[in-house]
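Protein chains in written order, with this note's numbering: chain A, 1239 to 1356; chain B, 1239 to 1356; chain C, 1239 to 1356; chain D, 1239 to 1356; chain E, 1239 to 1356; chain F, 1239 to 1356.
All clues stand as given, with none of them false.
Just so you know, same-sequence chains aren't split out, so a pair can sit in one copy or run between any two.
PhoX-like cross-link-like pairs, simulated, lysine-lysine; straight-line CA separation at most 20 Å:
#1 Lys1317 / Lys1284
#2 Lys1263 / Lys1317
#3 Lys1266 / Lys1256
#4 Lys1252 / Lys1317
#5 Lys1266 / Lys1317
#6 Lys1317 / Lys1256
#7 Lys1256 / Lys1244
#8 Lys1252 / Lys1266
Source of the hints: derived by calculation from the structure; they are not laboratory data.
6 protein chains.
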Amino acid sequence: MSNSVKDFNAYRSKMNDKILADNNKIIKRIFNLDTNAYTQGALDVKTKELLGLVASAVLRCDDCVKYHLETSYGLGLNKEEVVEALSIATLVGGTIVIPHLRRAYEYWDALESQSESS
Amino acid sequence: MSNSVKDFNAYRSKMNDKILADNNKIIKRIFNLDTNAYTQGALDVKTKELLGLVASAVLRCDDCVKYHLETSYGLGLNKEEVVEALSIATLVGGTIVIPHLRRAYEYWDALESQSESS
Amino acid sequence: MSNSVKDFNAYRSKMNDKILADNNKIIKRIFNLDTNAYTQGALDVKTKELLGLVASAVLRCDDCVKYHLETSYGLGLNKEEVVEALSIATLVGGTIVIPHLRRAYEYWDALESQSESS
Amino acid sequence: MSNSVKDFNAYRSKMNDKILADNNKIIKRIFNLDTNAYTQGALDVKTKELLGLVASAVLRCDDCVKYHLETSYGLGLNKEEVVEALSIATLVGGTIVIPHLRRAYEYWDALESQSESS
Amino acid sequence: MSNSVKDFNAYRSKMNDKILADNNKIIKRIFNLDTNAYTQGALDVKTKELLGLVASAVLRCDDCVKYHLETSYGLGLNKEEVVEALSIATLVGGTIVIPHLRRAYEYWDALESQSESS
Amino acid sequence: MSNSVKDFNAYRSKMNDKILADNNKIIKRIFNLDTNAYTQGALDVKTKELLGLVASAVLRCDDCVKYHLETSYGLGLNKEEVVEALSIATLVGGTIVIPHLRRAYEYWDALESQSESS
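Bound conformation, chain A alone:
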């Protein structure tokens, strides 16, 4: 199942490279902001990742959810914390968030199984 992690990242990297190679100034700066916004500030990086995760979940962007799940996992956030954040997203965003919740659970499992096998 961990292939889903590798496949997602490979596609994401390949296409981001193509986009950035194009030198559209606005898009490049938005990508740049996207990196800066989640660094340590008044709020710590774990909190910021969860904010990005919840924003992505209520806006129902599966790829964005995957990205923030992976970073959250890497930062050592545990499943209970991540699920609690997703529970707020499901309440605020409604039952239409549930299909994205299913895919989030599947991706978290893939992250865990990839980690175990490495």
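Guided by the hints, dock chains B, C, D, E and F onto chain A, whose structure is given.
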């Protein structure tokens, strides 16, 4: 084509089981409400399913549309009624609903062909 | 409080007249479809109004909700039926629908008080 | 300016009371969940309020933003923390969030000025 | 009626100043990008304003629509061009865009009447 | 890679034919409007395609984006113009548009490679 019905339901059940096994109280209660909301009340169950279908369609949630199509089909709503509900969704939600309409038609066909072959 | 009903309808009519006077073919036809979509068909008019109401509520369009509340009221749908439809909208659309639910209740009260005073 | 805080809360309370008096089971339980979701759990209450704030901001629900700003203020979150959360919302949700950011700033000012005058 | 133009701009400027005075790096850069994105490039400024207008209309952001209407008006785009852009927004975004169309017409009238009286 | 263009169009045509064969009056008219809205008027067809593209991108409808990319490509719009339109969509709609931007780049590549091989 009816495999799409089985596949959808198998994945949905498997992941719902994982989510509910996790015992997050908020998520469990939302799942519980999702069952209760469509039972007979001041409005009959057919009307409620169509309300769930239209809400899902304008919010462009394919899995939610599939779920309500399947329940509508099981309750004996006919295609003309379902399409009329979806026509309101397409008008209110705009042409961005059309790709979801295509997938809704495909799933309805799968429901009908599964039914014939059983 | 019933002035809110009159004010809403007066503004709506005045601006719709301006828009239609402009003769943009696409907009005129969309307005025309908006009238036709809610007429009797495979589904009855009451069901269709509730579908329009729920679509409007989950998409969080206060003016659209008001319009469908008023038509629902005129068709003789009672408050329990309307609230049951709105409860599905709140579940599917999440707690962000709640502020719109408050305004829907306020407008329904205005419709009832206008009716009593006439 | 602090009247905007009182007015918002008075309207919110009045309409919530009307809604809850209606005894629609689904709506009552959603209101109930809305209270429970932000209590201490695997995540602390401050983090949860910020998650609710960001979810509300990207979904562009002014009343929801006001509610979470007020609770955040009451919990002792400072402006820099709140603005950092809102900056993530603006990045993830895009420039359409900016008008809501203006109104969030205005409400935060009202919360501060109310607090000073009391 | 032209006061609505002045009032909108005064509030917008006042709050933008407060936001920018706060020195949140992410928000400042997004504001900066918002200025740069609509300058002459491969596409001319008129086309870009219409793109901003349609994006704002389908996302149903009244303040964003007002802003792009005002800039479009200043660039000499005529009403027929602007309405044609808005007709695409109404078709793609559905009838929930109509209330925003009414307010867009009202603001365009305010822009025209302000211009005549100056 | 150009098969993705053929596959998309084949599925789209097949399902559109099924939908139109159903004779739902509202849906047929919306399909009809969808054709008329992008014809030459006060705005030229290239501008209108870009408006449709940006509306589709901010509403995050991949199939709609593909459709407008293909028509834009057919009308001779170059990549720099299309990307500039998409950069406005990404700014207005936020970083949640980025996954759709990746898929838009992929589809544009498929359009170019199909064209070269024909």
